[in-house]
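Take a look at the letters that make up each chain.
Protein chains: 2
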Amino acid sequence: MNDSTPTAAALVRAACELFARHGYDGASVRAITARAGANLGAITYHFGTKEALYEAVIGAAIGPSYERLASAAETPGPPLDRVERLVRVFFDFLYENPDLPTLMLQQLTSSRPMPEVALRTMQANVRVIAALITEGQQDGSVRPGDAQLMALSIGSQPIWLTLARPALQASVAIDQDDPETRAQLVESVVRFVRAGLATHPENLR
Amino acid sequence: MNDSTPTAAALVRAACELFARHGYDGASVRAITARAGANLGAITYHFGTKEALYEAVIGAAIGPSYERLASAAETPGPPLDRVERLVRVFFDFLYENPDLPTLMLQQLTSSRPMPEVALRTMQANVRVIAALITEGQQDGSVRPGDAQLMALSIGSQPIWLTLARPALQASVAIDQDDPETRAQLVESVVRFVRAGLATHPENLR
Chain A
1 MNDSTPTAAA
11 LVRAACELFA
21 RHGYDGASVR
31 AITARAGANL
41 GAITYHFGTK
51 EALYEAVIGA
61 AIGPSYERLA
71 SAAETPGPPL
81 DRVERLVRVF
91 FDFLYENPDL
101 PTLMLQQLTS
111 SRPMPEVALR
121 TMQANVRVIA
131 ALITEGQQDG
141 SVRPGDAQLM
151 ALSIGSQPIW
161 LTLARPALQA
171 SVAIDQDDPE
181 TRAQLVESVV
191 RFVRAGLATH
201 PENLR
Chain B
1001 MNDSTPTAAA
1011 LVRAACELFA
1021 RHGYDGASVR
1031 AITARAGANL
1041 GAITYHFGTK
1051 EALYEAVIGA
1061 AIGPSYERLA
1071 SAAETPGPPL
1081 DRVERLVRVF
1091 FDFLYENPDL
1101 PTLMLQQLTS
1111 SRPMPEVALR
1121 TMQANVRVIA
1131 ALITEGQQDG
1141 SVRPGDAQLM
1151 ALSIGSQPIW
1161 LTLARPALQA
1171 SVAIDQDDPE
1181 TRAQLVESVV
1191 RFVRAGLATH
1201 PENLR
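So the sequences go chain by chain: A and B.
Counting in this note's numbering, the first sequence runs from 1 upward without gaps.
Counting in this note's numbering, the second sequence runs from 1001 upward without gaps.
The hints are simulated quantities; they were obtained by calculation from the structure and are not laboratory data.
Among the hints, erroneous ones may be present.
[What the hints assert, rightly or not] Computed beta-carbon distance windows for the label pairs:
hint, chain 1, residue 1, chain 2, residue 2, range
1, B, S1071, A, G37, 51 to 59 angstroms
2, A, P166, B, S1071, 23 to 31 angstroms
3, B, A1009, A, T181, 35 to 43 angstroms
4, A, S110, B, S1028, 12 to 20 angstroms
5, A, S111, B, A1124, 31 to 39 angstroms
6, A, D178, B, R1112, 40 to 48 angstroms
7, A, E51, B, R1030, 38 to 46 angstroms
8, B, S1110, A, G140, 27 to 35 angstroms
9, A, T181, B, A1131, 20 to 28 angstroms
10, B, R1120, A, Q138, 40 to 48 angstroms
11, A, L40, B, R1021, 29 to 37 angstroms
12, A, A183, B, T1075, 32 to 40 angstroms
13, A, T75, B, D1081, 50 to 58 angstroms
Positions of the beta carbon are idealized from the N, C-alpha and C atoms, including for glycine.
Let's have the full structure, built from the sequences with the hints guiding it.
Quick look at the structure:
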């Protein structure tokens, strides 16, 4: 797995688009190399296999979320404020990467096992949130409860609300392309998460 | 759309399995009729088109959720207790219908518009939850906020946690096939939702 050359990077970008649109099996080596402007042997040369290219695509798409969430978690301030920043950053990350939702959905519908890099990133992200919750439980600002499960309640909201974007627009007229609607949605989730974690109302803000 | 005869019902069941496994395009009329033990013309005879059969499948899979959530919402008791029952019932519904998550994911990855029946059910479900929230805001047990957006924060948790079931098991070792783990997860979400909505800690239980 080597995406450090321009051709390898172009292959990852092309494959990301095509895997998102057509799934792993629906995106042929021929179509990916053609879109990347590379020759037919380029995937073998740079990645070894289509499978390895897929892992590079998933890694490039999901991997950076960890760095973003961890940075938000490391900012100064009380745990609940850092959870809030993390939720905002997570929404930003998901909105900035329009191929990511479909790529994730394609992965979840396929019978292919989730690539190792995605599993490690999910695990690391859950741990970052759970560590903030544990810190808040220790200083008394967060109510008791299983920190890992509480972290999953938090993560579910940005993930599902961005994945289901077209369905939410068609069913309940929530248009996340509209910046004002998007801001209201993020604000509502942030308040729900703070309230869901906080011990006392005075911790809410 | 008529699934009132045994053959029509068998077609809906067969199509549900095959659409969930292979997607709309990947499930051929031939494969569906063969699995249903029906002749090749049965889909045309009973539903008119494969598209109409698909809508019947989605309706049969998602439609009943509304009745379940609405019943939970109509039980006696304070709004927060009814939200709690609704969340438990929603998890039950999702766990009882193993094809539903993949069917939903297949729908979300496809470029096909979400069938009307699914959109209407999503909308009705959001309204049921939002109405309970509004009732709680009126009696002072639920904090202020946009009731529809708060309803989406609630719904995201059972939906995403059941959709991502294999990924959660592989990444953070949460095995929802284990009844005890499942009960802990549901309990954690219920507590998160109550805390996320409640005005005062004394409303939490």
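Requested in this report: Given the range 20 to 28 angstroms, decide if the beta-carbon distance of T181(A) to A1131(B) lies inside it.
Outcome: holds, 21 angstroms
Query raised in the report: If you check the beta carbons of S1110(B) and G140(A), does the distance land in 27 to 35 angstroms?
Result: At 48 angstroms between Cβs, range violated.
Requested in this report: With respect to the beta-carbon atoms only, verify the hint that P166(A) and S1071(B) lie 23 to 31 angstroms apart.
Outcome: holds, 29 angstroms
Requested in this report: Given the range 29 to 37 angstroms, decide if the beta-carbon distance of L40(A) to R1021(B) lies inside it.
Outcome: With Cβ atoms ~31 angstroms apart, the hint holds.
Query raised in the report: Are D178(A) and R1112(B) spaced within 40 to 48 angstroms by their CB atoms?
Result: Roughly 24 angstroms apart at Cβ, these two residues miss the hinted range, so it is violated.
Query raised in the report: Is 51 to 59 angstroms right for how far apart the beta carbons of S1071(B) and G37(A) are?
Result: holds, 58 angstroms
Query raised in the report: Okay, S110(A) versus S1028(B) on CB: inside 12 to 20 angstroms?
Result: holds, 19 angstroms
Requested in this report: Could you check the hint for me, namely that R1120(B) and Q138(A) are 40 to 48 angstroms apart, CB to CB?
Outcome: Holds, at about 47 angstroms.
Query raised in the report: Between A183(A) and T1075(B), is the Cβ distance one that fits in 32 to 40 angstroms?
Result: Given range 32 to 40 angstroms: holds, Cβ gap about 36 angstroms.
Requested in this report: Could you tell me whether the CB distance from E51(A) to R1030(B) stays inside 38 to 46 angstroms?
Outcome: Because 31 angstroms falls outside the window, the suggested range is violated.
Requested in this report: For T75(A) and D1081(B), compare the CB-CB distance with the range 50 to 58 angstroms and indicate the outcome.
Outcome: violated, 38 angstroms
Query raised in the report: Taking 31 to 39 angstroms as the hint, is the beta-carbon distance of S111(A) and A1124(B) inside that range?
Result: Holds, at about 33 angstroms.
Of the numbered hints given earlier, the model fails hints 6, 7, 8, 13; all others are met.
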